[in-house]
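Chains A and B supply the protein sequences, listed in that same order.
If you read the first sequence in the numbering used here, its first letter stands for residue 1, the second for the next number, and so on.
If you read the second sequence in the numbering used here, its first letter stands for residue 358, the second for the next number, and so on.
The hints are simulated quantities; they were obtained by calculation from the structure and are not laboratory data.
All figures in this text were calculated on a predicted structure; none of them were measured in a lab.
Some hints could be false.
[As the list claims (entries may be wrong)] Calculated lysine-lysine pairs in the DSSO-like style (CA-CA distance at most 30 Å, straight line): (1) 54/A with 487/B; (2) 15/A with 647/B; (3) 211/A with 437/B; (4) 485/B with 647/B; (5) 488/B with 15/A; (6) 54/A with 211/A; (7) 437/B with 522/B.
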Amino acid sequence: MGTVAVHGLCKSFGKVQALDGVTLDVPDGSFFVVLGPSGAGKTTTLRAIAGLEKLDAGSVHLDGRDATGDAPAARDLAMVFQSYALYPRRTAYENIASPLRARRCSSSEIAAAVEQMSSLLHIERLLQRRPAQMSGGEMQRVALARALVRRPRAFLMDEPLTNLDLKLRVEMRTELTRIHRSLGATFVYVTNDQVEAMSMADRVAVLKEGKVQQVGTPTEVYERPANQWVAGFVGSPRISLLACRAEGDRLVGEGWTLPRPRWTTAEDGRPLLLGLRAEDLSVEQRGDASLPGELYGLEPLGDRTVVDVRVGTEILKVKARPTVTGTPGERLHVTVDLDRAHLFDAGTGLALSEAGR
Amino acid sequence: MAVSVDEAVSTGPARDHTPSARRLGGRGRSVLEVALLTVLAVVMLFPVLWMIETSIKENRDVYAIPAKFFGFKVTLDHFKDVFAASGGGRSALSVSFLNSIVVAGVSTALATVLGVPAAWAYSRFSVKAKKDQLFFILSTRFMPPVVVVIPIFLMYRQVGLIDNKLGLILIYTAFNVPFTIWMMKGFVDEVPAEYEDAAMLDGYTRLQAFWKFTLPLLLPGIAATAVFALIFSWNEFVFAIFLTSSDSVRTAPPAIAGLIGGTTVDWGLVAAASVVFALPVLVFAYLVRKHLVAGVTLGAVRR
Ligand SMILES: Nc1ncnc2c1ncn2[C@@H]1O[C@H](COP(=O)(O)OP(=O)(O)OP(=O)(O)O)[C@@H](O)[C@H]1O
Ligand SMILES: [Mg+2]
Chain A
1 MGTVAVHGLC
11 KSFGKVQALD
21 GVTLDVPDGS
31 FFVVLGPSGA
41 GKTTTLRAIA
51 GLEKLDAGSV
61 HLDGRDATGD
71 APAARDLAMV
81 FQSYALYPRR
91 TAYENIASPL
101 RARRCSSSEI
111 AAAVEQMSSL
121 LHIERLLQRR
131 PAQMSGGEMQ
141 RVALARALVR
151 RPRAFLMDEP
161 LTNLDLKLRV
171 EMRTELTRIH
181 RSLGATFVYV
191 TNDQVEAMSM
201 ADRVAVLKEG
211 KVQQVGTPTE
221 VYERPANQWV
231 AGFVGSPRIS
241 LLACRAEGDR
251 LVGEGWTLPR
261 PRWTTAEDGR
271 PLLLGLRAED
281 LSVEQRGDAS
291 LPGELYGLEP
301 LGDRTVVDVR
311 VGTEILKVKA
321 RPTVTGTPGE
331 RLHVTVDLDR
341 AHLFDAGTGL
351 ALSEAGR
Chain B
358 MAVSVDEAVS
368 TGPARDHTPS
378 ARRLGGRGRS
388 VLEVALLTVL
398 AVVMLFPVLW
408 MIETSIKENR
418 DVYAIPAKFF
428 GFKVTLDHFK
438 DVFAASGGGR
448 SALSVSFLNS
458 IVVAGVSTAL
468 ATVLGVPAAW
478 AYSRFSVKAK
488 KDQLFFILST
498 RFMPPVVVVI
508 PIFLMYRQVG
518 LIDNKLGLIL
528 IYTAFNVPFT
538 IWMMKGFVDE
548 VPAEYEDAAM
558 LDGYTRLQAF
568 WKFTLPLLLP
578 GIAATAVFAL
588 IFSWNEFVFA
598 IFLTSSDSVR
608 TAPPAIAGLI
618 GGTTVDWGLV
628 AAASVVFALP
638 VLVFAYLVRK
648 HLVAGVTLGA
658 VRR
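Taking the hints into account, I'd like the entire structure generated from these sequences.
Written out as structure tokens, the structure is:
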């Protein structure tokens, strides 16, 4: 068992409201990612779960039992700290062994567990070094090993891969996913990297300024962002947003109109934002749903090229084939896949009901 | 110990003061400065030198007129007199040195045992009106000891702590605890709290986390702080002379002062006793010389 549930967490540091009513339900065995920009309150959330932060309000339930007042040691959790928090006077071996020593395991058990962990994370040759003699990425892996060496109720990981180079990060991503599967343990994983969230998570909670914006599977968060902010935060290149309003069976923007998607419920004249992701746009003329614009720039990315198209005063990012060419200023039409478009209320930023979809 | 003490705070490379001569320019300036500094040094160091000389002169040479700077016969008789009574057995002075060691040692140990956990608590926990409390603690050091010596004398008389080593130990502890809290809070602040957080998640209690993970990192700071407290207790004169009277209780400072007076003064003995008294302070001050500066700039140390 390993469910983690927090309800209505509030925590302020002086004037800063770090957590403002955070409620999360982490099912047993899930890989739960908390995604948010810097300062969103991700670390504070993890520390609250671990019992390291005195809360202003809210409760923490572990395996269905109220653990709000429990000491960290009594919660049976393991954590990878954002700053690693490796003990400076101890070798990597002693660091990794620490959770087992605290729980009075025999030294042969400890040796076996440390050896297994270090070969898994490729840190065998670091075992006799102290943190000061390691690089950031090496320390991060030792910190991971210290957490993974035990079988706690749940693992809390605070951006454990940020300091690794790209190759190692991708490798470790796969490795962590594999470890998660083979252990069947609960992971609460904090990151500001949406690619990491998309590729690893069973469920994602998007956090902004201490408030949960949306919880769902990565696909849900990507395909049905709850509001304009989530739509903008998740996805790369960033979603393009165009101001418009509904008029009869058309969507009317500045210098363009599109057929109104069947599922929209917005009344005529209400200010809206049309959200279009790069992959739902095309510079090839196909249907009648198209926007007139002019070429603004090209970003070749190897496997594809992102075409910047100016429509009115906005820049649309359009995914195109790597072979696409053009000169800035050139007039062109952007075809829109309206079934995959998003509409947000321009005032509240909330997504319009998509019940009809 | 010197090595470990150095690790306590990274004060960065010791900043050599640019000789002000260079700043002001001119060779004449620098000659003048050297001359002034020499005069100052002589004025400051002469009494120390004279004390050391007197402690190793024979009595004849001590009282010689004109005074002899060089060419006297060296003797260690005065040092012998410091420790051994003329009729054999221990001298009163040696007892007072022993008292000083006990009083300074115990009061420093007590202040450390009380002050270090308090400093940790002030550093780690949110305490109501923390700043006010810390200021209050510091403010007990603003007061010159002389101001409180009469009330303390009266209180001590009530509870029978006059002429009692315990009385001195308590008062020195009371003076050293605030100092220890202030010094140590700076050192604790330098140790990231996350080591303790990590230890607690490993399965240790908060106190175990402090004891096993933070305390070892604090040892150099504790050593430096304790040396300061030790020097304070060792040197303290005002309370010692007011609160003690018998030879068996007196600490060294009033005992040495007591040698002066009466009809004749055995200057050789006074000088030898002073040398013996000054030595430990010099040794300890040498060990913590870096922290004499660090203590002042503690707030400015990079995290
Ligand atoms: N101990 C503290 N004292 C004061 N403010 C704090 C403290 N810890 C966090 N905060 C503030 O609370 C907010 C949330 O911080 P938190 O560390 O949880 O962010 P985060 O989402 O982990 O960010 P990052 O991705 O940069 O690590 C921030 O505005 C931060 O400045
Ligand atoms: Mg963080």
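Hints, one by one, checked against the model:
no.	hint	verdict
1	54/A with 487/B	17 Å, holds
2	15/A with 647/B	39 Å, violated
3	211/A with 437/B	79 Å, violated
4	485/B with 647/B	34 Å, violated
5	488/B with 15/A	18 Å, holds
6	54/A with 211/A	18 Å, holds
7	437/B with 522/B	26 Å, holds
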